[in-house]
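Sequences are here, hints too, so could you generate the full structure?
So you can see what is in the structure, the chains are spelled out below.
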Amino acid sequence: MAGEMKLGAYICKGCGLGERLDCAELAKVAQKEGKAQVVREHDFLCHADGLAMIGNDITAGVNQIAIAACSRRAKAEAFTFDGVCVTRANLREGVIWVHPDTDDARETTQEAAADYVRMACAEAKAMRAPAGNPNRGGSKRILVVGGGISGLTAAREVAAAGYEVLLVEKSDELGGIARHLYRRVPAKEPFTEPQETGLAELVNSVCSNPHITTLINSTIAQTSGAPGRFTVEIASTGGNNRSETVGAIIQASGFTPYNANALTEFSYGRTLDVIDQLGLEKLVAAADGAPITRPSDGKPVKRVVFVQCAGQRSADDGRLPYCSGYCCNTSIKQAMYFKDADPAIDTTIIYSDLRTPGNGEDFYRSAQRKDITFTKGKVSTVTPTAAALKVDFKDLILDQDADIEADLVVLATGQVPNSGIDIETSDEAQAAAADKSILNLTYRQGKDLPQLRYGFTDSHFICFPYETRRTGIYACGPVRRPMDMAQAMDDATGAALKAIQAVENAAAGRAAHPRAGDLSFPQYRREGCTQCKRCTVECPFGAIDEDEKRYPVFNESRCRRCGTCMGACPVRVISFENYSVDTVGAQIKAVDIPDEFSEKPRVLILACENDAYPALDMAGMNNQHYSAFARIIPVRCLGSVNTIWITDALNSGYDAVALMGCKHGIDYQCHFVKGSELATYRASKVDDTLKQMNLEPERVQLFEVAITDALRTPKLIDGLVAKVIEIGMSPLKF
Amino acid sequence: MSDRRMAVGNYRNDFLKEVEANVEDGEWVKMCMQCGVCAGSCPLGPYWEHPPQEIFMMIRAGLRDDVLSSESMWMCTSCYNCIVRCPRELPITHIMHGLANYAHRLGLAPKMNPTRRFAKLFWNNIAAGGRANELKLSLGLYFMDGFATGIKKSLQMLPIGLGMLKTRRLNPFGLLAGGNCKDRKGIQAMLKKAKELEDKRKGFA
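Going down the list, the sequences are from chains A and B.
Just so you know, the numbering used here puts 428 at position 428 of the first sequence, and the rest follows in order with no gaps.
Just so you know, the numbering used here puts 1054 at position 54 of the second sequence, and the rest follows in order with no gaps.
There could be a bad hint or two in this list.
To be verified - Here are the computed distance ranges between Cβ atoms for each label pair:
| no. | chain 1 | residue 1 | chain 2 | residue 2 | range |
| --- | --- | --- | --- | --- | --- |
| 1 | A | T385 | B | K1193 | 40 to 46 Å |
| 2 | A | K378 | B | G1140 | 48 to 54 Å |
| 3 | A | N259 | B | F1204 | 41 to 47 Å |
| 4 | B | R1085 | A | I462 | 28 to 34 Å |
| 5 | A | Q195 | B | C1035 | 23 to 29 Å |
Unchecked claim - Which chain B residues face chain A? A few, computed with CB under 8 Å, are given here:
| no. | residue |
| --- | --- |
| 6 | Y1011 |
| 7 | N1013 |
| 8 | M1031 |
These are computed hints drawn from the structure, not numbers from a lab.
Quick reminder that beta carbons are idealized off the backbone N, C-alpha and C, glycines included.
Below, the structure is given as structure tokens:
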């Protein structure tokens, strides 16, 4: 398949490279040490002329290309050549911009440049051009699970973009919780009055759309496969089961209202006149314009109190620790039901922090104009008295205990996500909750989407909000985080877009986000595999299943190409065509290590290409200098760092190794969710190896950095170099 | 502030309605969102028993007597910092003065409050002649707390008074006559009519 490999090295002299560096010398390095068959210098490589020069060489048979110019993050489009491997030696952001232009520094700057040329040549030689995932599947139909506001919106949006939709709803009617709402919080100018929910129109638009197939009374009995080729078994209460093929899945399973029976201090369940917000919606809908009456004795309500944060924002057992985000606006809306009907009705909202997202501030103001009373306080108890209810609370502004009488008390309870089984819990707990599963995935790692906290599905909250940790399955609406109707509709639209991207990428054999368009995919050498299962357990995206002999099954289109499996593999049999233990290992070996007495240490930095590497590039753009003894290699994710790189580097004479990646933990920034966390864990195991090698543990460091750390990263590198000088050069040179 | 004792309010809107009907700009009280920026912006903030935001809450809680007998709104120096900063654009300074005025008219304002006494003195002075009579006003202030303190204060201020006399900044005959505006009777008739209208509007007539 692979013909003869021919390496071309191209050295740019533009952007000041020609003045600062001896480019002829670099060309010699590429030829003699990099073993490049073709070596060319150019004054302006990214110019059409320079690109044409490279193009001609490719036509003449060059299929591995090392470009020694600017960072791989600059001119990426210009230096993309189809079907060949391209590597970049970062001489601009990585060398001349981060080292001073002085006579003293000239020698070390040139050495750094030469090393980067050697590394680029070595990497290019170890790479193969990726061919794309052969196991692609062609279904572009999208399954939407849940027929509430989120699911209906997602279905409508997917169909509007021209894709087929299969909408599955558990109950016998579409609409979800919104069916019970009398009115909704305003979504349009001037945001002052409750408005019609618009649910009927939404349901109609879905039901009448020829691209949408709707199945009610149905649940997902089993989901297997991968993006582009999911096989879904759908069970119907009528016993009419069916099997469908879809390309991507949108999970809009919504929420269950918090069970207010736990709120005994508010007498919920003890008197009919204490209700939750949904209870009030039903009451108002039933009254249908007539005066709202008390459920207990049918007398008209003259005084109503709304208790915000009921059973929410509490650390107590059985309460929701979070703010559900929609309830303040809802109480405002509900108070208006009363005020609009009869301004003489006293309506009091007792809140501790009124949170009105979206355009709720205008709605809040409108409520104040309507004489709805807002009292900042914390309600302790609601007690039924002979003729009414007594609400005891602490007034937080006047700092005193107070009480107020009411005919009706409405509790603003929160949302509990319908996210199925928590796959992180014990097997027994999972088995006990088996009938709760939403998707019933056949994945090795569990039946449902991984959760972050409080049952909400996990997603990168800044960069990839809809992307769950299962490629091709997108969560939207309150299953992802607490939200109101307007937010759920936005969310559903976003998830619809993502699902469409997923089916298109899967059909083309490419990766989905965040490495969208990447044609490489993990492959493994079966003869070397010891069936240790680390890759199947540690894959943050559950992409890897196991076959009956416990060998990994990669499910390429479920893979995000982070390389966490490659970093996990103790026998190093997992690789990508253009990213492998060898491509990085070859770069590590290519660096010229001066001897112990040269006073020129070498520090290896393995930098995450998502945040750490751009931060280092930006250090260059901001005229920040760091030590010329550092050699930086970008990695797809710290999760892909195989500890062999660290031990090999130290064995071959590097004085220190640093991993530079994203923040991990509950507020992680890692694009691959678990990569930096796993790297931290693995790096902690390197200490034993260091002891065996008789090296100081300070020689291996892990730095958590953010993309904004352009000023901090140079300090980290300089600090590490200073540490090396303090503890002395590595004794392992030669 | 911590040892104040307030009656527990009924958290009904009766007093709020009364304020809206009778206090200048009172209809704004319900729009307060309790952010506390007014209290934090007031240069005299630490000296108020109840900062504006708390006064607004007391009105909503129905604490009529606590509000109207409070010294707090008399502390306002009309610097307008709170008005400038209020995110809800409440005319807080005006509401404070409106509340003080309403309390005074009801006879509920604290009798010995210095701001109230000065305001009264100043008003009577200016209403009498249609223009401020500085000598009478100063002497009125000196003797506000009795004859002995009046003499003492006057003697204290004697050098300044003589200096002003010398530079012709003080008219010694102001005590006897002159210094009134041209149409004193006209001004007084106008003020009388204005009071009549206001009393009628506010239900004091």
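**OP:** May I ask which of the numbered hints given earlier this structure violates, with the numbers listed in increasing order?
**Re:** 1 and 3
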